[in-house]
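Trainee: Single-letter residue listing:
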Amino acid sequence: MEHWLYTIEIAGHSMTFNLDTIFTMWFAMGVLIIFAIFATRNLSLVPTKLQAFCESVMGFFWSTMDTMMPKENKQHVPLVASLFLFIVFANLMGQLPLRLIHIKSGELASPTNDINLTAAMAIIVLVYYVTAGIMKKGGKFFLHEFSFTGIVMSLVELLEMVTRPLSLAIRLFANIFAGEILVTIALGACAYFGPLPIMLFEILVAFIQATVFMMLTIAYISSATGEEH
Amino acid sequence: MEQQLAQFAHLGAGIAIGFGATGAGLGIGLATKGLMDAVSRQPEVAGKAFGFFLLGAALSEACALYAFVIAFMLMGK
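If you're matching them up, the sequences are chains A and B in order.
For the first sequence, the positions run 9 to 237 when the working numbering is used.
For the second sequence, the positions run 3 to 79 when the working numbering is used.
Warning: the hint list may mix true and false statements.
[Unchecked claim] The list that follows gives simulated cross-link-like pairs (lysine-lysine, BS3-like), each with its CA atoms no further than 27 Å apart:
(1) Lys79/B <-> Lys112/A
(2) Lys82/A <-> Lys50/B
(3) Lys145/A <-> Lys82/A
(4) Lys79/A <-> Lys145/A
(5) Lys148/A <-> Lys79/A
(6) Lys50/B <-> Lys79/A
(7) Lys148/A <-> Lys82/A
(8) Lys50/B <-> Lys35/B
(9) Lys144/A <-> Lys79/A
Just so you know, these hints were derived from the structure itself, not from any lab.
Using the sequences and the accompanying hints, generate a full structural model.
Mentor: See the structure below:
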């Protein structure tokens with residue numbers, strides 16, 4: 009799956025942009041932002057249908073936060089909720105018929121089939137949980153008690169700062185990417201009806217992967233800010 | 003030489019996805035076994051256990067997908 013690359017030169021360094029990913033990412037973000045503006049415009053005590061729907065969606069995030077991370081969870085809900093909503097919408101975009109719009113090379117599909125986007129989100133999560141841990145515990149976030157086990161634990165946690173975002177990024181990317189390749193193979197096997205069951209399965213995968221990303225984010229934040237770590 | 007390298011890369015891709023799929027299959031099978039045990043012992047937790055099962059299955063399926071990414075990179079050689 010090649011992308012639509014666009015290279016610019018800034019002061020001797022060349023930067024390459026994946027234009028199709030940028031376009032689909034801004035499409036997903038724009039739809040979410042416009043939906044949020046419309047949903048929160050006329051809030052009332054007796055909710056309309058749209059407001060009731062959005063409140064139940066937010067209730068899902070509150071209850072998930074409460075089960076995964078019982079204490080001091082209020083300030084982390086915005087990050088977790090926006091990650092979940094963006095990933096769900098981005099994954100589901102792959103099933104929209106956006107591929108009918110022809111671009112120079114590559115195709116318009118889920119923005120999450122590009123590892124640059126998922127890696128960026130994973131790095132945001134890394135920076136967020138390290139910052140949350142430092143704000144909660146100060147320098148003790150990196151250190152344990154001064155013993156052999158404590159030193160080894162500190163080193164293992166430094167290693168986890170690399171492996172956690174790596175696995176987060178590759179998990180989401182590989183699921184969506186493998187789904188698109190499966191759909192392409194099924195298209196070759198039986199042109200009109202072959203991809204249908206796989207596309208239905210991809211809708212399930214979209215929700216599951218967004219849930220997994222959200223759950224792991226909550227688990228990392230709660231392990232960084234929790235008492236024993 | 004170049005052609006031989008490509009052949010070995012394709013062989014490596016097959017081996018990678020094969021072993022990766024074996025591990026993920028074992029993992030999902032174990033997760034299903036756990037779900038069946040829990041549901042047959044206590045049928046009222048079925049809904050909640052199914053959610054955790056999906057999470058665990060997705061996590062172990064991701065290992066096969068790491069192998070898939072490696073295989074895809076080898077196929078491009």
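Trainee: It remains to establish, for every hint, whether it holds in the given structure.
Mentor: Hints, verified against the model:
{"no.": "1", "hint": "Lys79/B <-> Lys112/A", "verdict": "holds, 25 Å"}
{"no.": "2", "hint": "Lys82/A <-> Lys50/B", "verdict": "holds, 24 Å"}
{"no.": "3", "hint": "Lys145/A <-> Lys82/A", "verdict": "holds, 18 Å"}
{"no.": "4", "hint": "Lys79/A <-> Lys145/A", "verdict": "holds, 15 Å"}
{"no.": "5", "hint": "Lys148/A <-> Lys79/A", "verdict": "holds, 20 Å"}
{"no.": "6", "hint": "Lys50/B <-> Lys79/A", "verdict": "holds, 22 Å"}
{"no.": "7", "hint": "Lys148/A <-> Lys82/A", "verdict": "holds, 23 Å"}
{"no.": "8", "hint": "Lys50/B <-> Lys35/B", "verdict": "holds, 16 Å"}
{"no.": "9", "hint": "Lys144/A <-> Lys79/A", "verdict": "holds, 13 Å"}
Hint compliance for this structure: every hint is met.
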